[in-house]
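Protein chains in written order, with this note's numbering: chain A, 3 to 158; chain B, 3 to 158.
The hints are simulated quantities; they were obtained by calculation from the structure and are not laboratory data. Do not take every clue at face value.
Note: identical chains are not told apart, hence a pair may lie in one copy or across any two.
[Claimed, not checked] Within a straight-line C-alpha distance of at most 20 angstroms, the following computed DMTMM-like cross-link-like pairs (lysine to aspartate or glutamate) qualify:
(1) LYS121 x GLU37
(2) LYS103 x GLU142
(3) LYS24 x GLU45
(4) LYS103 x GLU150
(5) LYS121 x GLU36
(6) LYS103 x ASP155
(7) LYS103 x ASP154
(8) LYS24 x GLU7
(9) LYS124 x GLU142
(10) LYS116 x GLU150
(11) LYS24 x GLU36
(12) LYS103 x GLU37
There are 2 protein chains.
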Amino acid sequence: MSFQEHYPDVLAHCYGCGVLNKHGHRIKSYWAGEESVCYFTPEPYHIAVPGYVYGGLLASLIDCHGTGTAAAAAYRAEGRSMTSLPSLRFLTASLHVDYLKPTPLGVILEIRGKVKELKGRKVVVEEWIAANGVITVRGEVVAVQVPEKMLDDLEV
Amino acid sequence: MSFQEHYPDVLAHCYGCGVLNKHGHRIKSYWAGEESVCYFTPEPYHIAVPGYVYGGLLASLIDCHGTGTAAAAAYRAEGRSMTSLPSLRFLTASLHVDYLKPTPLGVILEIRGKVKELKGRKVVVEEWIAANGVITVRGEVVAVQVPEKMLDDLEV
Chain A
3 MSFQEHYPDV LAHCYGCGVL NKHGHRIKSY WAGEESVCYF TPEPYHIAVP GYVYGGLLAS
63 LIDCHGTGTA AAAAYRAEGR SMTSLPSLRF LTASLHVDYL KPTPLGVILE IRGKVKELKG
123 RKVVVEEWIA ANGVITVRGE VVAVQVPEKM LDDLEV
Chain B
3 MSFQEHYPDV LAHCYGCGVL NKHGHRIKSY WAGEESVCYF TPEPYHIAVP GYVYGGLLAS
63 LIDCHGTGTA AAAAYRAEGR SMTSLPSLRF LTASLHVDYL KPTPLGVILE IRGKVKELKG
123 RKVVVEEWIA ANGVITVRGE VVAVQVPEKM LDDLEV
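Okay, chain A solo, but in the shape it has when bound (with noise of 0.2 angstroms):
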């Protein structure tokens, strides 16, 4: 099951990643060692310039992948599973993405990420992006915990 998946509904309705989201991209995120990855196919409308990916879809799988990450790693720095109490959520403190070279629209990307900080609430997620096997965006997302008082204020 992806990270997505284990996120409670009232946190599942992210237009990047949310399951319940229908407009959405619904990512999904998964470990692959010490590495997290995403499988996601641009549909023919996410165009930059005819032939490329837009820039703004691949900030948003930066985005919603790297936040997934943060709150995968954080439940693994505890021991416990993603379906465990109390929930962990992340929102995006700051975004960096550094487009490469363009991305060819028609092909599966795979993002990749990494942790690179878990301290406190707060985790940093390198990531990058490969087309056809070539690396064409790396980013980095600094993710922090979601404060229990917005959880809270949520869930009424």
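Once you've looked at the hints, dock chain B against the given chain A.
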């Protein structure tokens, strides 16, 4: 007329800003003195957690408003209109977004940009997004002019 409405058809397919992309955001950016401005109302499904805007969309707005501002600034620096030839179009080399606080869903967002640096083929645009008059996001786009070779290939 907005910056984006001046793009030639071959460059008007972008999911974020292309006027020909029926599925996309079709943002429209304008000069407002020394700053550029764009107004955008997210859809109800552009959600992160209930009540707040999805960060990937905010990154997309920063991205496309930034490249649009870069193009407009480049024409302005050459003292010619955006309808004149040759076409100048910019791609994002890097994107940075700081999420200062959650951005409320259901209100018009104001995206503002300011040229920080314009040198050769590179333009750096600093940006911010306000909701209800409160700045919730700050970002920066490093835009580079699309190589003539790539434009020529697209025209074919």
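Do the hints match the structure? See the list:
For a Cα distance limit of 20 angstroms, the shortest separation of LYS121 from GLU37 inside one copy, 18 angstroms, qualifies, whereas the shortest one across copies, 39 angstroms, does not. Proximity of LYS103 and GLU142 under a CA criterion of 20 angstroms is satisfied in both settings, with 17 angstroms inside one chain copy and 19 angstroms between copies. In the homo-oligomer, the alpha carbons of LYS24 and GLU45 lie at most 20 angstroms apart both inside one protomer (15 angstroms) and across protomers (13 angstroms), since each shortest distance falls under that limit. Only between protomers do LYS103 and GLU150 lie at most 20 angstroms apart by alpha-carbon distance; the minimum there is 16 angstroms, versus 40 angstroms within a single protomer.
Taking the closest pair of Cα atoms, LYS121 and GLU36 come within 20 angstroms of each other only inside a single copy of the chain (17 angstroms); across copies the shortest separation is 41 angstroms, beyond that limit. Taking the shortest Cα distances, LYS103 and ASP155 sit within 20 angstroms of each other only across copies (16 angstroms), while inside one copy they are farther apart (42 angstroms). In this homomeric assembly, LYS103 and ASP154 come within 20 angstroms of each other (Cα to Cα) only across copies, at 17 angstroms, whereas the closest approach inside a single copy is 42 angstroms. In the homo-oligomer, the alpha carbons of LYS24 and GLU7 lie at most 20 angstroms apart inside one protomer (14 angstroms), although the nearest pairing across protomers, at 31 angstroms, exceeds that limit.
Taking CA atoms no more than 20 angstroms apart as the test, LYS124 paired with GLU142 passes inside one copy only; the shortest distance there is 13 angstroms, against 22 angstroms between copies. In the homo-oligomer, the alpha carbons of LYS116 and GLU150 never lie at most 20 angstroms apart, since the shortest distance is 26 angstroms inside one protomer and 36 angstroms across protomers. In this assembly of identical chains, the alpha carbons of LYS24 and GLU36 never lie at most 20 angstroms apart, being 31 angstroms within a copy and 40 angstroms across copies at closest. Within a single copy, LYS103 and GLU37 get their C-alpha atoms no closer than 23 angstroms, and across copies no closer than 29 angstroms, so neither meets the 20 angstroms cut-off.
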